[in-house]
Amino acid sequence: MTAATAVHSTYAMPPSADGDPRRSSEERALVVAAQEGSNEAFAALVRLHQRRAYAVCRAIVLTHEDAEDAVQEGFLHAFRALDRFLPDQPFGAWLFRIMANASLDLVRRRKVRDADELSESAPAPFRDPGEADELRRRLTEALTRLTDRQRSVIVLHDVEGFTHGEIGSMLGIPEGTARSDLHHARAALRRLLKDVRSDI
Amino acid sequence: MTKLTLHNDGGEGDVTRELRALYAAPAGEPYWNELESRIMARITEVDLGWWAELDRWARPALLAAAVLVLAAGVAMFRARQVETRTAYESILTPSPVPVETVIRPTLEGDREASLRDVVGHKDRSNGRP
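Chains as they are written, first to last, in the working numbering: chain P, 490 to 689; chain F, 5 to 133.
Any given hint might turn out to be false.
Unchecked claim - Subject to a maximum C-alpha distance of 25 Å in a straight line, what follows is the list of computed DMTMM-like cross-link-like pairs (lysine to aspartate or glutamate): (1) P:K683 <-> F:D18; (2) P:K600 <-> P:E630; (3) P:K683 <-> F:E33; (4) P:K600 <-> P:D558; (5) P:K683 <-> P:D622; (6) P:K683 <-> P:D594.
What the hints assert, rightly or not - Among chain F residues calculated to face chain P with C-beta under 10 Å, some are: (7) L23; (8) A25; (9) L26; (10) A79.
What the hints assert, rightly or not - From chain P, some residues computed to sit far from chain F (all C-beta separations above 12 Å): (11) H553; (12) E557; (13) Q561; (14) G563; (15) G661.
What the hints contain is simulated information worked out from the structure, not anything from laboratory work. The structure presented is a predicted model; accordingly, all values stated were derived computationally and were not measured. Glycine included, every Cβ here is placed at the ideal spot set by N, Cα and C.
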């Protein structure tokens with residue numbers, strides 16, 4: 490059984506299984522095979538990490554479409570940089586840092602583009618048109634009032650369950666900054682949503 | 005009015021629940037299979053790009069360049085050795101014609117020409133009124 494096919498059994502494993510030694514050794518074998526030029530092995534790594542990678546990107550960018558673009562960019566960067574990766578390191582942490590960078594790049598590019606287009610038409614705030622729920626609508630609005638980093642930190646921590654240290658490493662900020670960003674993001678959301686009834 | 009709660013170290017509040025719903029990844033295998041295919045299509049594109057071709061030739065090209073540099077170095081070293089040996093030999097080998105014999109006729113010729121010129125000039129001056 491090749492490393493690429495072996496991973497099918499772990500495909501649906503939840504992210505919490507990252508510490509599993511069997512999975513780690515399979516992952517290391519895949520990384521080594523991919524470094525030796527096996528596209529099949531790299532495809533298996535994609536299969537293994539794409540959901541978590543999507544979650545990281547989605548926490549940083551504003552839309553699902555941008556998250557998809559960032560995931561693709563991220564995997565492309567990872568593929569190009571694969572020979573510089575040391576297989577003894579955790580592949581996930583390395584990959585998610587690349588994903589976060591790809592997402593931050595995309596956010597920066599979007600900002601420049603939006604600034605260019607501002608004179609032609611004022612962009613509407615990010616909002617799901619099909620949103621009926623009051624809390625969701627207000628939350629969506631409130632999220633646009635947070636800074637990019639605060640929004641990323643609160644989603645990565647409260648939704649995706651990353652630790653402050655992991656978030657700091659991904660976003661290139663100290664752990665303490667991630668902690669304080671989370672605190673400020675929560676406070677801002679509480680303030681912005683204080684008049685929303687949750688039982689609407 | 006119910007109090008709105010936010011995830012706070014252990015508990016899951018309304019806002020967190022809503023955040024999870026808002027940021028939920030697409031469900032269903034077909035979506036992920038399709039995304040994987042798109043990612044791999046882009047990677048294959050890159051893999052078959054001209055830089056990959058370049059990358060494949062980089063090692064043999066480097067090897068060939070190294071061999072060429074080595075050969076050029078050896079050739080230069082040998083040429084220099086030959087040059088040095090020739091220079092030593094030309095110094096150490098005695099000249100078939102004595103140095104004096106080679107130099108003197110030239111010097112003598114010059115000196116005689118100068119003398120002739122001076123004497124001739126004197127004679128011309130003496131002959132004047």
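Check: Where does the structure disagree with the numbered hints, that is, which hint numbers, in rising order?
Finding: Per hint list: 3, 6, 10, 11, 12, 13 and 14 violated.
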